[in-house]
Amino acid sequence: MNGVFFVASGALAAPPAVLVTMVASLILLAIRAWAGTVGLTLTRRVSLYVDGAIGIFFVLFVLFVIIRFKSLA
Amino acid sequence: MDRAPLALGLVAFALWIFAVNHANSLAMNSYGLVSVLGWPYFFGLVLIVVAFTVELLRIRLRPNHLALLIAVLLFFVFGTASAVEPVAGLESSFIHAGFIQYLLQHGHTLNNYDARFSWPGGFSLAAVLVNFAGLSNALAFLRWFPLTIELLYMAPLIVIARYSGVGQRAAWLGVILFYANNWIYQDYFSPQALNYLFFLVVVATVLACWQPARAEDTAVRGFVRSSVAKVRALFTGSRLRGLEARSEWSSSSVLAVILLISLIALASSMSHQLTPYVLLLELGACLLTRRLARPELIVVVFLFFIGWLSIGASNYWVGHLHQIFGAVGQLTGTFGSNVKSRVTGSVSHRLIVDARILGTIAIYSLGVIGALRRRPDSRALEALAGVPLLLLVALSYGGEGLLRAVLFGLPFVSLLGASALLPNRVGPIRAILPQLPFRRLGRKALGAVVAVVVLVMSFNTVVVRGGNDAYESYTNGERAAVNYTYNHITPGETVGIVAPFLPIGFRDVGLIYVYIAVGQGTVLLPVRASGFVKNHAAFVILSQAQESWGVNVAGYPVVWEANLEGSLLSKGYKIVKAWPTATVLRAPLSIIRAT
Numbered sequence: 487m488n489g490v491f492f493v494a495s496g497a498l499a500a501p502p503a504v505l506v507t508m509v510a511s512l513i514l515l516a517i518r519a520w521a522g523t524v525g526l527t528l529t530r531r532v533s534l535y536v537d538g539a540i541g542i543f544f545v546l547f548v549l550f551v552i553i554r555f556k557s558l559a
Numbered sequence: 030m031d032r033a034p035l036a037l038g039l040v041a042f043a044l045w046i047f048a049v050n051h052a053n054s055l056a057m058n059s060y061g062l063v064s065v066l067g068w069p070y071f072f073g074l075v076l077i078v079v080a081f082t083v084e085l086l087r088i089r090l091r092p093n094h095l096a097l098l099i100a101v102l103l104f105f106v107f108g109t110a111s112a113v114e115p116v117a118g119l120e121s122s123f124i125h126a127g128f129i130q131y132l133l134q135h136g137h138t139l140n141n142y143d144a145r146f147s148w149p150g151g152f153s154l155a156a157v158l159v160n161f162a163g164l165s166n167a168l169a170f171l172r173w174f175p176l177t178i179e180l181l182y183m184a185p186l187i188v189i190a191r192y193s194g195v196g197q198r199a200a201w202l203g204v205i206l207f208y209a210n211n212w213i214y215q216d217y218f219s220p221q222a223l224n225y226l227f228f229l230v231v232v233a234t235v236l237a238c239w240q241p242a243r244a245e246d247t248a249v250r251g252f253v254r255s256s257v258a259k260v261r262a263l264f265t266g267s268r269l270r271g272l273e274a275r276s277e278w279s280s281s282s283v284l285a286v287i288l289l290i291s292l293i294a295l296a297s298s299m300s301h302q303l304t305p306y307v308l309l310l311e312l313g314a315c316l317l318t319r320r321l322a323r324p325e326l327i328v329v330v331f332l333f334f335i336g337w338l339s340i341g342a343s344n345y346w347v348g349h350l351h352q353i354f355g356a357v358g359q360l361t362g363t364f365g366s367n368v369k370s371r372v373t374g375s376v377s378h379r380l381i382v383d384a385r386i387l388g389t390i391a392i393y394s395l396g397v398i399g400a401l402r403r404r405p406d407s408r409a410l411e412a413l414a415g416v417p418l419l420l421l422v423a424l425s426y427g428g429e430g431l432l433r434a435v436l437f438g439l440p441f442v443s444l445l446g447a448s449a450l451l452p453n454r455v456g457p458i459r460a461i462l463p464q465l466p467f468r469r470l471g472r473k474a475l476g477a478v479v480a481v482v483v484l485v486m487s488f489n490t491v492v493v494r495g496g497n498d499a500y501e502s503y504t505n506g507e508r509a510a511v512n513y514t515y516n517h518i519t520p521g522e523t524v525g526i527v528a529p530f531l532p533i534g535f536r537d538v539g540l541i542y543v544y545i546a547v548g549q550g551t552v553l554l555p556v557r558a559s560g561f562v563k564n565h566a567a568f569v570i571l572s573q574a575q576e577s578w579g580v581n582v583a584g585y586p587v588v589w590e591a592n593l594e595g596s597l598l599s600k601g602y603k604i605v606k607a608w609p610t611a612t613v614l615r616a617p618l619s620i621i622r623a624t
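Line order of the protein sequences matches chains A and B. First residue of the first sequence: 487, per my numbering; consecutive thereafter. First residue of the second sequence: 30, per my numbering; consecutive thereafter.
Treat the hints with care, as some may be off.
Stated by the list, open to error - Take a look, some chain A residues computed to stay more than 12 Å from chain B by CB distance:
#, residue
1, Arg518
2, Thr523
3, Val532
4, Tyr535
5, Gly538
What the hints assert, rightly or not - Among chain B residues calculated to face chain A with C-beta under 8 Å, some are:
#, residue
6, Leu263
7, Val283
8, Leu284
9, Ser339
The set of hints was computed from the structure by calculation and includes no laboratory data. Even for Gly, the Cβ is constructed at its ideal location relative to N, Cα and C.
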């Protein structure tokens, strides 16, 4: 199932792909904002993980949106 | 003496009531609303500006009095058309009422019908309000909506002014300059009017919540060196992470603010195409100028905005993606469609358009002077004023892109304009212009300058804002003609009109088709009766507003509508009902059945 998902541009263009990456990014952003606001000091490694994960999901989100635009427009 | 400004304000308000009660909208000429307003209106306008100026220059400011006087000015500038004209203006507001009625009747949007239906948030909210009020449609909201929404804008505008870094007096002057220059008619019953409120609330909240963490480093000497140092400082890691802004609010309050802004961004993404773009730009400007400590908000706005465009608004962009991204970088073309195409038509229409352009240039020029004169603690205001202009480079938004860019920058340009007259002189960033000897002239001279500037700008806005009312406002006859047509037309049939200047579209969305013989483009073809026949228009509505548009904007001869009526009669159409300002013609069955 995962294989089908990643090779078919039609699947990548489907709304759930965009939605899942968006929600994942939002959750991570919420954690980052909460930690920064309440003054919770994250270790350098945890900060890196959070920022890296946000970056990866954000890039995936943009990628899926572009694929969706290209395949449906 | 202490109560004199308030007393003047009350007299001005009484004069406004008198003036609008004695104005006859049917006597309107090609100069629009201003042509039916008598001397009490203009005398009242002078009084309210004088009252505001006296109140503004008191040693001890009284915010409640200033807010009240600004509210009275709002009646003059934004309430006059609602009070004088019997029917709400602009066809778009009626179309929006039609969308809302569709939502009320069906519980969902109509796919592939209109691009605006792909951003239904504002319509859904209005449908809830209509239901809540026990009404059957949203028409009751249309007429007084501009004044209502402008009054609502005042609260976030005052907060923006208070936390923007200008002095207290300049803040109040900036608020009134915003209203005195807001000729851009985007406050009619529409999602963009609601989203402008969202926009103001977000910016106000950000400016109130976060301030620069420390004074900007101005130790580097020399213009070039200090400029390079400032640009480099914009993109340092700590600034981009928001570490150079701080909040004095409790962490729970800040979290609530972040949640609130995120919710507003979500609502805005679902209800308007353009506002989230601007929010993105303005939040970016706040981050770079150390007025935002949580860069996550920028990413959140982006995710909601692009997420909705990608999923929720796919009905809109499937098949015409170029309409969204087609104009990227085409500044000349965008400028042409925004400005040049509008400077056409009769002498009166061109005068109105020229006055709009001059008014905009005047407030921007004043803003530039203010930016050069003031000593701020950050250049956030300049950035907030400038970034909406990036819309012109990045977006295709028909002929209204420039108007929207000016509107989104106007609150900040107005505050900078106020700083031209009342600059703050104690900020850590040095003023670029040397101190002018203006202040030596004294408080009275300053008061005179403030009063003249506010009065001239308010008068200009009164003139140009109602300048299109000869064809964008409607009479009871035109409204009755549209009602008559809706009551007699069969679902599936077509109504023909010449131009989109009629209160039509507020019911039977998707059931009745509207054929518009000419659009609002620059290349206008002569209107021929054969166009209505070819499109099987079962009814044709001819009206005073359309006639006025033809003469003043399209350049048609004065008798063009009478000629068209004659041509329609010769094709077999018959006049079925007529009012002094509108005529309804019915097609013979041979034309309708040819469908």
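Review point. What are the numbers of the hints the structure violates, in ascending order?
Key: 1, 2, 6
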